[in-house]
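Peer 1: So you can see what is in the structure, the chains are spelled out below.
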Amino acid sequence: MSSTDFTWLIGGPQGSGVESGANIFSRVCAEMGYQVFGKREFYSNIKGEHSYFAVRISDQKIHSNVNDVTLMASFDAETIFRHYDEVISGGGIIYDADLEDTPTDKVRTLDAPFKERLHKELESHNKPFTIAGVLEIAKEKGVLLYPVSFKSILETLAEETENPRLKGLIRMFNVIGVSLSLGLVKMPPDSLQKTIGIIFSKKEEIAKINQQTATYSYNYATAKFENFNHTITGIQKEPGTLLVQGFQGTALGKIACGCRMQSYYPITPASDESVFLESNEILEIVHERPGSTAVIQTEDEICAIGMAIGSALTGTRSATCTSGPGFALMTEMLGWAGINEVPVVITNYQRSGPSTGLPTRHGQDDLLFSVFAGHGDFPKIVYASGDVEESFYDTGNVFNYADVFQIPVIHLMDKFIASSVVTCKRFDESKISINRGKLLEKVEDGYKRFAFTDDGVSPRSRLGLDNGIFWNTGDESDETGHITEDPIMRAKMMDKRMSRLDLVLKEIPDTEKVVSFGIEDYTIISWGSAKGPIIDAIKMLKEEGISIGFIQIKLLHPFPGDYVSSLLKDVKTIIDVEANYSAQLKKLFKQNVKRDVDYSILKYTGRAMTSTEVYDSLKKIVENKAEKREVLMHGA
Amino acid sequence: MALKMADFKTDVHNDWCPGCGDFGIVNAIQMALAEMGVQRDKTVMFSGVGCSGKTSHFINTYGIHTLHGRVLTFAQSAKIANPEMTVVAVGGDGDGLGIGAGHFVAAGRRNVNMTYIIFDNGVYGLTKGQASPTLKLGEKTKSLPSPNTNYNVNPIGLAVASGFTFVARGYSYDVRHLKDLIIQAVNHKGLSFLDVLQPCPTYNDLNTRDWYAGVDLVDEAQKRHSRIYKLEEQGYDPVVHYNEEAEVNERLAQALIKSLEWGNKIPIGVFYKNETISPYTDRLKDKIPNYLENPPAKQNISKNGFSDADISQILDSLEV
Ligand SMILES: Cc1ncc(C[n+]2csc(CCOP(=O)(O)OP(=O)(O)O)c2C)c(N)n1
Ligand code: SF4
Ligand SMILES: [Mg+2]
Numbered sequence: 001m002s003s004t005d006f007t008w009l010i011g012g013p014q015g016s017g018v019e020s021g022a023n024i025f026s027r028v029c030a031e032m033g034y035q036v037f038g039k040r041e042f043y044s045n046i047k048g049e050h051s052y053f054a055v056r057i058s059d060q061k062i063h064s065n066v067n068d069v070t071l072m073a074s075f076d077a078e079t080i081f082r083h084y085d086e087v088i089s090g091g092g093i094i095y096d097a098d099l100e101d102t103p104t105d106k107v108r109t110l111d112a113p114f115k116e117r118l119h120k121e122l123e124s125h126n127k128p129f130t131i132a133g134v135l136e137i138a139k140e141k142g143v144l145l146y147p148v149s150f151k152s153i154l155e156t157l158a159e160e161t162e163n164p165r166l167k168g169l170i171r172m173f174n175v176i177g178v179s180l181s182l183g184l185v186k187m188p189p190d191s192l193q194k195t196i197g198i199i200f201s202k203k204e205e206i207a208k209i210n211q212q213t214a215t216y217s218y219n220y221a222t223a224k225f226e227n228f229n230h231t232i233t234g235i236q237k238e239p240g241t242l243l244v245q246g247f248q249g250t251a252l253g254k255i256a257c258g259c260r261m262q263s264y265y266p267i268t269p270a271s272d273e274s275v276f277l278e279s280n281e282i283l284e285i286v287h288e289r290p291g292s293t294a295v296i297q298t299e300d301e302i303c304a305i306g307m308a309i310g311s312a313l314t315g316t317r318s319a320t321c322t323s324g325p326g327f328a329l330m331t332e333m334l335g336w337a338g339i340n341e342v343p344v345v346i347t348n349y350q351r352s353g354p355s356t357g358l359p360t361r362h363g364q365d366d367l368l369f370s371v372f373a374g375h376g377d378f379p380k381i382v383y384a385s386g387d388v389e390e391s392f393y394d395t396g397n398v399f400n401y402a403d404v405f406q407i408p409v410i411h412l413m414d415k416f417i418a419s420s421v422v423t424c425k426r427f428d429e430s431k432i433s434i435n436r437g438k439l440l441e442k443v444e445d446g447y448k449r450f451a452f453t454d455d456g457v458s459p460r461s462r463l464g465l466d467n468g469i470f471w472n473t474g475d476e477s478d479e480t481g482h483i484t485e486d487p488i489m490r491a492k493m494m495d496k497r498m499s500r501l502d503l504v505l506k507e508i509p510d511t512e513k514v515v516s517f518g519i520e521d522y523t524i525i526s527w528g529s530a531k532g533p534i535i536d537a538i539k540m541l542k543e544e545g546i547s548i549g550f551i552q553i554k555l556l557h558p559f560p561g562d563y564v565s566s567l568l569k570d571v572k573t574i575i576d577v578e579a580n581y582s583a584q585l586k587k588l589f590k591q592n593v594k595r596d597v598d599y600s601i602l603k604y605t606g607r608a609m610t611s612t613e614v615y616d617s618l619k620k621i622v623e624n625k626a627e628k629r630e631v632l633m634h635g636a
Numbered sequence: 001m002a003l004k005m006a007d008f009k010t011d012v013h014n015d016w017c018p019g020c021g022d023f024g025i026v027n028a029i030q031m032a033l034a035e036m037g038v039q040r041d042k043t044v045m046f047s048g049v050g051c052s053g054k055t056s057h058f059i060n061t062y063g064i065h066t067l068h069g070r071v072l073t074f075a076q077s078a079k080i081a082n083p084e085m086t087v088v089a090v091g092g093d094g095d096g097l098g099i100g101a102g103h104f105v106a107a108g109r110r111n112v113n114m115t116y117i118i119f120d121n122g123v124y125g126l127t128k129g130q131a132s133p134t135l136k137l138g139e140k141t142k143s144l145p146s147p148n149t150n151y152n153v154n155p156i157g158l159a160v161a162s163g164f165t166f167v168a169r170g171y172s173y174d175v176r177h178l179k180d181l182i183i184q185a186v187n188h189k190g191l192s193f194l195d196v197l198q199p200c201p202t203y204n205d206l207n208t209r210d211w212y213a214g215v216d217l218v219d220e221a222q223k224r225h226s227r228i229y230k231l232e233e234q235g236y237d238p239v240v241h242y243n244e245e246a247e248v249n250e251r252l253a254q255a256l257i258k259s260l261e262w263g264n265k266i267p268i269g270v271f272y273k274n275e276t277i278s279p280y281t282d283r284l285k286d287k288i289p290n291y292l293e294n295p296p297a298k299q300n301i302s303k304n305g306f307s308d309a310d311i312s313q314i315l316d317s318l319e320v
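Protein sequences appear in the order of chains A and B.
Be aware that the first sequence starts at 1, since it is given in the UniProt record's numbering, and climbs by one per residue.
Be aware that the second sequence starts at 1, since it is given in the UniProt record's numbering, and climbs by one per residue.
Hints were generated in silico from the structure; no laboratory data involved.
Quick caveat, the model's predicted, so the values are computed rather than measured.
Careful: at least some of the hints might be erroneous.
[Claimed, not checked] Not everything, but these chain B residues come out facing chain A in the computed CB check (under 10 Å):
(1) GLY19
(2) GLN76
(3) SER302
(4) SER312
[What the hints assert, rightly or not] Only pairs whose alpha carbons sit at most 20 Å apart, straight line, appear in this in silico PhoX-like list of lysine-lysine:
(5) LYS442(A) <-> LYS265(B)
(6) LYS620(A) <-> LYS572(A)
(7) LYS431(A) <-> LYS303(B)
Ideal Cβ positions, reconstructed from N, Cα and C, are used throughout, including at glycine.
Put together the whole structure using the sequences plus the hints.
Peer 2: Here it is as structure tokens:
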């Protein structure tokens, strides 16, 4: 049993510093040795709508969020209305005492369907439609309430520090919330001061004000708040621990594996990766002059992939990064890369579709679309990573696949991974191997770009290589790359290209295709970021003596049907877990493994699964009480 | 050994209609490449999709026949990744100004050091003669069921408005003049654009070779005179001589006004040239000092099969 498993939630209007508050809290906990799993939720809005961050910390390795919130730090009314019921008995709510009388109707950003549900709940408890009303419900459940006037904290501080400007600095509310929380759980105060120093290291003045505010609030909590039973005081830190944001895995993987050109059109949740790459565009190269990544913001996603392809033709490792709507625009180009055998990587940070969908919310929505993207038959690889740490190493692999097999690779990531902040082991770039396949350095006379060879892969020239002239066309072509409509040549070229799919299945090691976390009578199949909640849920069940197996399928196209089939041959009950409506993996599985799954656990609210919900559904399945299609709903 | 025009020809069968203006353009490109003495393997022709799109298969350099409307997206990044290449992109008027118009505008803003040539025939040749974006409102070419209901786009005007820094027009049957324009365009520092008036004898029965030649225009002395005249012969000065707003604006306005001339007098030649605007590659160099010596395509990315990028500083900043 883990001795620490604590979830802290901070919420507030977008633009009010929820994220930097969560950043400080996460960093303090990570510095103090804890494992951190944080997830950010936000509206498609810049200022005003509700956003929150749930940070789970533990002394054990964790991979997901849970339903229970141990301590909530709120500085606006909406956060309380939306999250009061997530706080457990014995947990606490820190809130602004000046808000107690606020009625639901005064909070403009509470949307109608939510308000309706909330009013029903309040009515059933016979409570007024106010903050006081919901807090009473929480209190009756056993939640400890910690009212504090944020305004008067600032006023007192302004006086004490003789800095009248502080009085109106509501931007400080987040630091007050964090510091009150850390005081309440008795986290040593130096770690808080140190972290603020690091985060604001470039702005000395701001760091100072924040540190003063932190000290005052921290002391306020230790002096005035009582009876809270949860403490997080620090444990032994594992050396070599990173605190990373989800998009940094693929970005750093790209730098490490030699991707030197990335083109993109802004879209949530993908653009953070490109912005990070551009912020680090000049690269240190061991024993060499500096390298660089050309990061190009294009006019649309069609240009983004066109640029990635054009650059790949010069022999440069090239990529584009997008999300569903942008990927939809890229599909014609994808076929061009397919027919011309161009190694290009498309990183797709999926979100909830269809159309604009829930633009800032999670969904594993694009599996089938990726597998079938593009008109006509052409080879491609669809590969999915399950978490940020994996995505670093996978990025190295997908570029090798692209080069070795000379085909486009769609690397599936998602919003859940992109907007999580987690501790993980320091990435080891020395493990990133680089295999450029049949890319030529020198060309003999009589070169033909699409020459027929034994393994169906032709030596690849690149623009500018002496003697290496070739032609490409989106039309069917002969070995030189010139247009042909000859029926026999067409069939031979089609066979040549499509044989690549068999080669992929043959050459990619099984361990890179599928990761097995154990095979049991009940075994889960899943892909992508559902991995984290599944692993944690399985662990919870194991502690109760229930064993559940799990295979994470990473290579989704071409689908390793035979291998998956052999892994599952003794399994009695197969459970599919994924965050989309139609159980997309289940369909692929059925098509390729010729067997049906027995249960699906699905979520399509736009919110990531928690391990609690997955656990609940798995337990129902084992107890024979589940629906064939379990649909998860947790999360604000 | 110096290359001749013939060295830039492939033996791919050319299936354009007899008398198509495209032949003149391909000849002019091949002549220009030979005269400039470019290296074949340091040169790449990109093309869009249409009759004009086949051009890259007829020229013996690297040749990339892309997608309808998308030629500029491929071409710009090839130049960015490997700046030592001479990059020429070609395509139809439908390709560049219809489906690809967004890329046209964006390319102007980037000003990548390369050349873009539009084969301007007023029709969608390869799909059998529908109206292209340059066909005038109310005109009816022979395969249109009824007169064109759209106003035309002005390629020269759009180019100068979008930031192209070299803007010219050629005529596909004045091959030598066109060849000279292509050489100027390729040598220009920045993105150069050539609008080439190209008769399509099969589908455009309005803007024919005879029409451009002015067969229908006879003066009092019964002498016919060509509709086409050369800007340089009229003392027109397209060059922005110094980087001052008034100078730039004047040249831009002059180019726009000239581009509106049509009908009985049609100017060809250079409309606008401005080398005071930095090409995209220079803009990258400002951010990445060794970009031109060590561009993406030339960078070593591995040592003994493993990564040679050192990301330890970034990792240090993320370590707790
Ligand atoms: C996405 C897409 N839509 C439509 C087409 C069909 N198509 C092929 S060529 C062409 C128009 C060609 O006209 P233009 O670009 O002016 O070139 P031209 O043939 O006149 O040289 C069209 C619409 C296509 N290839 N791709
Ligand atoms: S249709 Fe027109 S543009 Fe196309 S090849 Fe024939 S003449 Fe040339
Ligand atoms: Mg045309």
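Peer 1: Confirm or reject each hint.
Peer 2: How the hints compare with the structure:
1. Evaluation of the GLY19(B) hint against chain A yields a violated restraint, the C-beta minimum of about 22 Å exceeding 10 Å.
2. At a threshold of 10 Å, the smallest CB-CB gap from GLN76(B) to chain A is about 7 Å, leaving the interface hint in force.
3. Taking 10 Å as the C-beta cut-off, the interface hint given for SER302(B) holds, the closest approach to chain A being about 4 Å.
4. Of the supplied interface hints, the one on SER312(B) holds, with its beta-carbon coming within about 8 Å of a beta-carbon of chain A, less than 10 Å.
5. Restraint check: the Cα-Cα separation between LYS442(A) and LYS265(B) comes to about 53 Å, which exceeds 20 Å; the hinted pair is violated.
6. With a C-alpha separation of about 16 Å, the suggested pair LYS620(A) and LYS572(A) falls inside the 20 Å cut-off, and the hint holds.
7. Proposed proximity of LYS431(A) and LYS303(B) is supported: the alpha carbons are some 12 Å apart, at most 20 Å.
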